[in-house]
Amino acid sequence: MRVNGTKSVKHVLTVIRGQRNGGSRRGVAMDDRILDVQDLRVVFQTDFGKRTVTDDISFHVDRNEMLGVVGESGCGKSVTSMAVMGLLPKNGNAEKGRIIFEGRDLLKLKPRELDQIRGKDLTMVFQDALAGLNPVFTVGNQLTEQIRAHEHISRAEAEKRGTEILGRMGIPDPAQAMKKYPHEMSGGMRQRVMIAMALACGPELMIADEPTTALDVTIQAQIMQVIRKARQELHMSVLLITHDIGLVAQNADRVMVMYAGQIIEEAPVRALFSRPMHPYTQALLAAAPGIDDSEDRRLASIRGTVPQQYDEIRGCRFRDRCPYATEACGEPQAFRELDAQHFVRCWRAGDTTVMSDRVTAG
Amino acid sequence: MTEKQEVKGQEPPEGKPASQSKEKQQPLLSVRGLRRLYKEESPKLFARPGYVHAVDGIDFDIWPGETFGLVGESGCGKSTTGRLIAGIEEPTEGTVFYRGKDLYRMSREEKKSIRTQIQMIFQDSYASLNPRKRIYDILSEPMLYHKIADREHVAARIDELLEMVGLPENAKRRYPNEFSGGQRQRIAIAKALSLNPSLIICDEPVSALDMSIQAQILNLMKDLQDELGVSYLFIAHGLGAVHYISHRISVMYLGKIVETGPGRGVFSHPAHPYTKALISAVPIADPSKPNDPNAIPSGEVPSAVNLPQGCRFASRCPFAEDKCRQTEPELKLIASAGQDGKGLTEHLAACFYAAGEL
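Top to bottom, those sequences are chains D and X. Residue 318 in my numbering sits at position 318 of the first sequence; the count goes up by one each step and never skips. For my numbering, count along the second sequence from 1 and bump the result up by 1000.
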């Protein structure tokens, strides 16, 4: 696999990927689902016994798609991504369900088989780039190691590719940056390095878990631009996990809203923002202060807090905080399709005449 | 604060110290030429250490009953400003007048009494609440120390405070770790209010909270202000929250205020290129209104040790010209919606381009 230094990274990566996928496989699988999670349940062993952290999680990511996952802290969005990556802590376990990545169930793979996929076809960017990078090795060292772990190329070639990718990520003077240690870089630059590592082997799916949460808003805008560009050039899919509904609105194709360990709504991004159907989604959108709000707008706040022991709740987990709750909400809620591709876990959700304004009026 | 003032004699802003009749016409707090430098942490072995210009000469007034928002990215000096006013740190230069009195030149006794009137709320309320004490003790101690309430009345006062911030009465018998982040922030607010302050410095009070809880706290703070007439210095990096709660907003960049004015004016008609960049970088929560990808500012904030000559934003500014790189622009009036003698309607920006001088 000779890499011509003058060619762009985009070209390099597509060539690499073409060879790896053998062209035809990619052609056939073009409109396939890259990731298909089916009925996933993650449990944790805690001091207080077994706790079901996420339950009934089914979703898919199409090729070339960005799926946004939003929810507040503790809703299970990060646990879901950790389960996909096989990075659950020791006391956590994907007890039930399947995680199909490119036709293979990740939960059934041996560790060695998983290692061949992770870091290459399936990669992840974390919020805390400083924790994700090894402080005693240079950026270049870690980047080339990552490339050479998956591809049989010489150190010099790997270094050349690493430098090119860093440059692509908008790092000024990438050759110099390769020689730096993580602590010598700013937070934004470190996050670019993390993304470069995630992209280095031309992944099919990149999971970005709060990739910009620790960054300033102007740097966040730059990083998201880098991710958008990489996505276009590499035709990869992105699973964007965030608590920032603005970030999802601006970047995702489809959105999934999570609450207390369940997916409660899923829809194409425009549909979700123009016609949110679950009372929680409605409240979440109304609770975000915008910079173009009128002066007399009052933020809608959701009363109460997220239930702690939510796995013991039989019915709707939002019931205690919901302004529309009735007796029937005590029953388990089905995740049903109300509109084309618009799924909601709320039996009252179709009843929009009753439900449209009250939450937003706060 | 019409112009950057060089404070040498440290004159109180309204001439003489407060007399009762002047009370209404006097700002609660006047910051004049405030500057705080820190010695560089790890200079090269034999090099002379440089200085980090955390806050580099800022002026503003806060009026009674007003919320003054301070926004900017990390390292711009907004938190240092809050800590200087709260008395946690001392300025290198410049000063702060509280009702006409110099905060850093007063007797111990005076200081003690004035410090009750300026309270602070932090981002991490867990760190500011003693984990070994019950809420009752956390709330009663400052009131007893400052003799705001005596032992007999303190219990009733605590019930009243808890009700004000929307916590159940039995909260006083519990420990901080038994509460969620939002509830702890309510306790921190109750603690700040317990001494009847006229100014509360809020340093990123809602940044660590989830969106729905953030809305609860912001609404609570607004309601308390309507009820008690307390002023807030609201320091945050989240533009949405600052816009929601503030009457006036100042935008800081590298230790300087680059734009200041009424909240609506600054955010709907930003004059300074940095404010514009900041606003256009906030992702809009509406997929049908895409952010302008061309408005994303390039580069990063330069070092606060070796400050550039001229305008501090010039290296990232799309409009910068030679003049900007040579001379540092001062705050100039951009727009004003009438005269009120307090400058509350004045919109100022420190930019040659915005002032039409390029």
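Take these hints with a grain of salt, some might be off.
To be verified - Capping the alpha-carbon separation at 27 Å, the derived lysine-lysine pairs in BS3-like fashion look like this:
hint	chain 1	residue 1	chain 2	residue 2
1	D	K179	X	K1044
2	D	K180	X	K1276
3	X	K1039	D	K180
4	X	K1044	D	K229
5	D	K108	D	K160
6	X	K1289	D	K229
7	D	K90	D	K108
8	D	K96	D	K110
Source of the hints: derived by calculation from the structure; they are not laboratory data. From a predicted model like this one, the values you see are computed outputs, not experimental measurements.
Hint check:
no. : hint             : result
1   : D:K179 - X:K1044 : holds, 19 Å
2   : D:K180 - X:K1276 : violated, 33 Å
3   : X:K1039 - D:K180 : holds, 25 Å
4   : X:K1044 - D:K229 : violated, 39 Å
5   : D:K108 - D:K160  : violated, 36 Å
6   : X:K1289 - D:K229 : holds, 19 Å
7   : D:K90 - D:K108   : holds, 17 Å
8   : D:K96 - D:K110   : holds, 17 Å
The structure fails to meet hints 2, 4, 5 from the earlier list, while all remaining hints are met.
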